[in-house]
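Novice: Chain by chain, the residues:
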Amino acid sequence: MALEYFEEVKEHWKKNFSFLDYFKKTYGRDQPLPKWSDADVDEFIASDPVYGPQLKALRESRKFALGGAAIGAGHLGGIAMKYSKAPHGVLLATGFGAVCGAVFGSEVAEHWYGLYKMDKQQANLRFLYWWEDKTLGSQKA
Amino acid sequence: MANGMNKAQFNVFGEHAPFAFRGLLGKDKFNQVRGYKTITQSPIGMGRYPLSTRHSVPIGTSRGLHAGRALSGPAANRPLSPHLPLKKPQFSATFSISHRIFGMALGTAIMLTPLAYKFSLQFDV
Chain X
220 MALEYFEEVK
230 EHWKKNFSFL
240 DYFKKTYGRD
250 QPLPKWSDAD
260 VDEFIASDPV
270 YGPQLKALRE
280 SRKFALGGAA
290 IGAGHLGGIA
300 MKYSKAPHGV
310 LLATGFGAVC
320 GAVFGSEVAE
330 HWYGLYKMDK
340 QQANLRFLYW
350 WEDKTLGSQK
360 A
Chain B
750 MANGMNKAQF
760 NVFGEHAPFA
770 FRGLLGKDKF
780 NQVRGYKTIT
790 QSPIGMGRYP
800 LSTRHSVPIG
810 TSRGLHAGRA
820 LSGPAANRPL
830 SPHLPLKKPQ
840 FSATFSISHR
850 IFGMALGTAI
860 MLTPLAYKFS
870 LQFDV
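From first to last, the protein sequence lines stand for chains X and B.
Last residue of the first sequence: 360 (our numbering), numbering continuous.
Last residue of the second sequence: 874 (our numbering), numbering continuous.
It is worth saying that the hints were derived from the structure and are not from the lab.
As the structure is a computational prediction, the values presented were derived from the model and not from experiment.
Among the hints, a few may not be true.
In silico lysine-lysine, DSS-like type, Cα no more than 25 Å apart, as pairs [unchecked claim]:
{"hint": "1", "chain 1": "X", "residue 1": "Lys-244", "chain 2": "B", "residue 2": "Lys-867"}
{"hint": "2", "chain 1": "X", "residue 1": "Lys-282", "chain 2": "X", "residue 2": "Lys-336"}
{"hint": "3", "chain 1": "X", "residue 1": "Lys-233", "chain 2": "X", "residue 2": "Lys-244"}
{"hint": "4", "chain 1": "X", "residue 1": "Lys-244", "chain 2": "X", "residue 2": "Lys-254"}
{"hint": "5", "chain 1": "B", "residue 1": "Lys-867", "chain 2": "X", "residue 2": "Lys-275"}
{"hint": "6", "chain 1": "X", "residue 1": "Lys-336", "chain 2": "B", "residue 2": "Lys-836"}
{"hint": "7", "chain 1": "B", "residue 1": "Lys-867", "chain 2": "X", "residue 2": "Lys-254"}
{"hint": "8", "chain 1": "X", "residue 1": "Lys-229", "chain 2": "X", "residue 2": "Lys-243"}
{"hint": "9", "chain 1": "B", "residue 1": "Lys-836", "chain 2": "X", "residue 2": "Lys-243"}
My request is simple: use the sequences and hints to build the entire structure.
Specialist: In structure tokens:
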């Protein structure tokens, strides 16, 4: 009787953490999916009317994050270089500036492209489903 | 003393100023020879390095880490007295620094994990 109750508890928590099943699409594979290129992603963006534009906006927002990281790293690293000649301090300051700048840049992108309205994980997963069907679907059929 | 004399030449100690005040007080024969800037020449309100000869820099502004009294040239590579190779590592000190290093690593890992997830969604696919 205790065993059945334990099984019920396990089922309950499996349901609660069901979002982790999405990671089986990437990490839980026997053989990894063949690597996709930018052209494949563009093909998916053109084909899917709902998730294509979302994925396109997500990819455009990378520039914001990288630009923010560059600005932050330059700013904080420059301050550290000006006021202290310690090399480890300059390195750490540059790294931290890059992280903070990337977060701030992606926050700007979040509002510029309206990324807060979309499910980013879903957009990525839809591409993976499409890619999986494209590469492995032919084998199954 | 004549009225036209520069106030800077007045010095209550005369030539026998305490060594600490040599650079600060008015022109005695030491200052005159070496050209030290004295507090009578610069405003007392802004603290300045008393023994500076080249330029007057206020205390507390931005300077490099080792500016001021750092040597240059061959003298800068002088041997320093060893402490780390000599003192036997004790449990308290070793524990303390390893605790700090582990704490820094753990803090970094904790703070970078959600950031890594956030950027993985943006940069993956």
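Novice: Check the structure against each numbered hint from earlier and tell me which ones fail, lowest number first.
Specialist: Of the numbered hints, 6, 9 do not hold.
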